[in-house]
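Visitor: If you want the building blocks of each chain, they are given just below.
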Amino acid sequence: MGWENLLLGFQVALQPHNLGLAVLGITLGTIIGVLPGLGGANGVAILLPLTFSMNPTSAIILLTSLYWGALFGGAITSILFNIPGEPWSVATTFDGYPMARQGRGGEALTAAFTSSFVGALFSVVLITLFAPLLAEIALKFGPPEFFAIQLLTFSSFIGLGGGNPIKSLVSILIGFILASAGLDIVTGQLRLTFGITELMKGFDFIVAVIGLFGIGEILLSVEEGLSFRGVSAHINPKVVWQTWKVLPRYYRTFVRGAFIGFWMGFKPGGATPASFMSYAFAKRFSKHPERFGKGEIEGVVAPETAAHAAGGASLLPMITLGIPGSPTAAVMLGGLIIWGLQPGPMLFKEKPDFVWGLIASMYTGNVIGVAMVLAFVPLFAAILRIPFPILTPIIVAVCAVGSYAVHDSMVDIWYMLLFGVIGYVFKKLDYPLAPLVLALVLGDLAENALRQSLIMSQGSLLILFQRPISGLISAVALLFFALPVINPYIRRARAGKPPVEVSAPHDG
Amino acid sequence: MRTADLTTALILAATGFLVLWDSVRLGFGWGTDGPQSGFFPFWLAVILIAACAVIAWQAQRRSSRVRFVTREQLKPVLSTLLPSTGFVVLVQFVGLYVATALFIAFYMRWIGRYAWVPVLVLAVLFPVLTFVVFEKWFLVPMPKGPLETWLGY
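Chains as they are written, first to last, in our numbering: chain A, 1 to 508; chain B, 1001 to 1153.
Derived from the structure by calculation, the hints contain no laboratory data. A portion of the hints provided could be inaccurate.
What the hints assert, rightly or not - Pair ranges (Cβ atoms, derived):
| # | chain 1 | residue 1 | chain 2 | residue 2 | range |
| --- | --- | --- | --- | --- | --- |
| 1 | B | Gly-1029 | A | Arg-492 | 25 to 33 Å |
| 2 | A | Trp-241 | B | Arg-1113 | 42 to 50 Å |
| 3 | B | Thr-1070 | A | Ile-185 | 41 to 49 Å |
| 4 | A | Glu-290 | B | Gly-1086 | 52 to 60 Å |
| 5 | B | Trp-1137 | A | Arg-291 | 47 to 55 Å |
| 6 | A | Gln-189 | B | Leu-1139 | 35 to 43 Å |
| 7 | A | Lys-294 | B | Trp-1057 | 41 to 49 Å |
| 8 | B | Ala-1053 | A | Arg-491 | 21 to 29 Å |
| 9 | A | Ser-53 | B | Trp-1116 | 32 to 40 Å |
| 10 | B | Lys-1136 | A | Leu-379 | 20 to 28 Å |
| 11 | B | Ala-1004 | A | Glu-290 | 38 to 46 Å |
| 12 | B | Phe-1017 | A | Pro-488 | 27 to 35 Å |
Since the structure is predicted, the reported quantities are computational estimates derived from the model, not experimental observations. Even glycine gets a Cβ: it sits at the ideal position worked out from N, Cα and C.
Work out the full structure: start from the sequences and follow the hints.
Guide: The structure is reproduced here in structure tokens:
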């Protein structure tokens, strides 16, 4: 059913200027992924204002390409510098950095990029197949279903995110509270403004993303007294070719990683646990588990495949339900709204060229991306050798530009600084930032869905459980909320068996 | 860590009470046409305060003795945060481009201890580049000050 649509999408994505934007996006994205303090989410946020004057399809192609680039860039810093640029690259450092130390950096990078490519491609194929179906189902959803999905989104942060569940809960609540500040569009009343006019406009999540992830990350980086000591890698066609000859041996790891990644990834916060889980599984099923952590190529393949499959999968709920699966997807969703599109299942009906152009660009973007990073690794790695005293003011200035451009408002630059400090403190105290951002984005939608559901039921919360689809989703959500409480008992019940999951810092 | 954990929980709980107070003012019950404005924030605040209480209790019981931030760590953090704050203040008076130039120059010269030549080259080049990209190519206006007015923008 979707082939002619996909073909239509390729016609859009293969237009020269869209291909040019993809190349630009991947270049910028890789730079952003390599730089400390800039990651996918705030890179997309900073560049968002530049797309205001573009047509939406070109704009989303630029931003998704940026996203792929940032994912590739994370692998470079993990392998050559032992610095995971993103939380889901942490597992890549386990074997990637030892490989680089042994002079097998080129091999590790080739394996990482190839696995990323395979993982992402797997997700994109599944998105191509399932997105139209999911959108079709979602068209029948009413407010209770949407609220149930929101519940599921946030419950998965608490139940599956790892870390302290209460702190995840607090992050979510803070996000919702910030979202509710300002004008209440339903009743027209001002909320949480305490008579201060600046607060009337509320808090924009793009500014929050730039502050929390950008400025906060910079503060954390300078605290560690950064001295990048990287390993240089020699990568040439011969190394690439030889690595590619070895890689098919690990097809089981690829398949496992891709499935874990996709399954975890379309739920929020999934990329990081997916990468750790895939690594743990690869080690468990390996014939030589003792080689893991000392430079085993399979230890690079497993987390990278899963992380990128998850990265791709997080776009699925965004385009079909209008609910983003990661902070980066959330920023893109914000972009859709700014470009005048209504995110959600109707997009497939109303803007097929946009949706299919986006899906097709995921294919082209990944192909271009893997070719570019393989060709230009030394250049991208050189960026990390720019001394910190030069990078820091430039990154802060770029963040300020991005924050101001959202609403042409000076207050936003102050908010950015404030969010930076909050990000720094929260990160140090293990409050996860991703749920805060998602709650800030989804706040209004969630609140309206809840209000409308309550109006439908005359004030009874039971409506969430009385309709079949929302009932099922709500039940799963409740299970996730309860997981942190139940888990110790489950673990005790099957004591003796080692736990499969590796606990992970969660974000993303 | 314990003090930092407790302080943060306390501040967050205080925020919760502030929200609670405003929700009560708005009304958190059932209005004529559905839940009132304060309904959603009210319950958010209630759960927030409860969660903060749990965090405070956890911090009392099992917080690590590691210090939140040592003196050696605080210095580079402040030497980044304070100039950044100064930069934001400056943006309001001299515009973003001049403030960026001053910020880069200050940071490279006093934190990075670079010679004046690279400092000046970068401090001029980067804002000019930003100006061209944003004002000229993408038509995104940034805050401007006396210098830009004098140059006719």
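Visitor: Please go over all the hints and tell whether each is borne out by the structure.
Guide: Hints versus structure:
Look at Gly-1029/B against Arg-492/A: about 43 Å separates their beta carbons, and that is not inside 25 to 33 Å. Hint check: Trp-241/A to Arg-1113/B, Cβ distance near 46 Å, so the stated range 42 to 50 Å holds. Roughly 47 Å separates the CB atoms of Thr-1070/B and Ile-185/A, a value that falls within the hinted 41 to 49 Å. At roughly 54 Å, the beta-carbon separation of Glu-290/A and Gly-1086/B lies within the given 52 to 60 Å, and the hint holds.
A beta carbon spacing of about 51 Å between Trp-1137/B and Arg-291/A agrees with the range 47 to 55 Å that was offered as a hint. Between Gln-189/A and Leu-1139/B the beta carbons are some 36 Å apart, a value that agrees with the proposed interval 35 to 43 Å. Here the CB-CB span from Lys-294/A to Trp-1057/B is close to 42 Å, well matched to the stated 41 to 49 Å. For the hinted restraint 21 to 29 Å between Ala-1053/B and Arg-491/A, the CB-CB distance of approximately 26 Å keeps it satisfied.
Taken as a hint, the range 32 to 40 Å holds for the pair Ser-53/A and Trp-1116/B, whose Cβ atoms sit roughly 39 Å apart. A C-beta distance of roughly 26 Å is found between Lys-1136/B and Leu-379/A, which places it inside the suggested range of 20 to 28 Å. At about 40 Å, the CB distance of Ala-1004/B to Glu-290/A agrees with the hint of 38 to 46 Å. Distance hint check for Phe-1017/B and Pro-488/A: the Cβ-Cβ separation is about 32 Å, which falls inside the suggested range of 27 to 35 Å.
The earlier numbered hint that this structure contradicts is number 1, and it is the only one.
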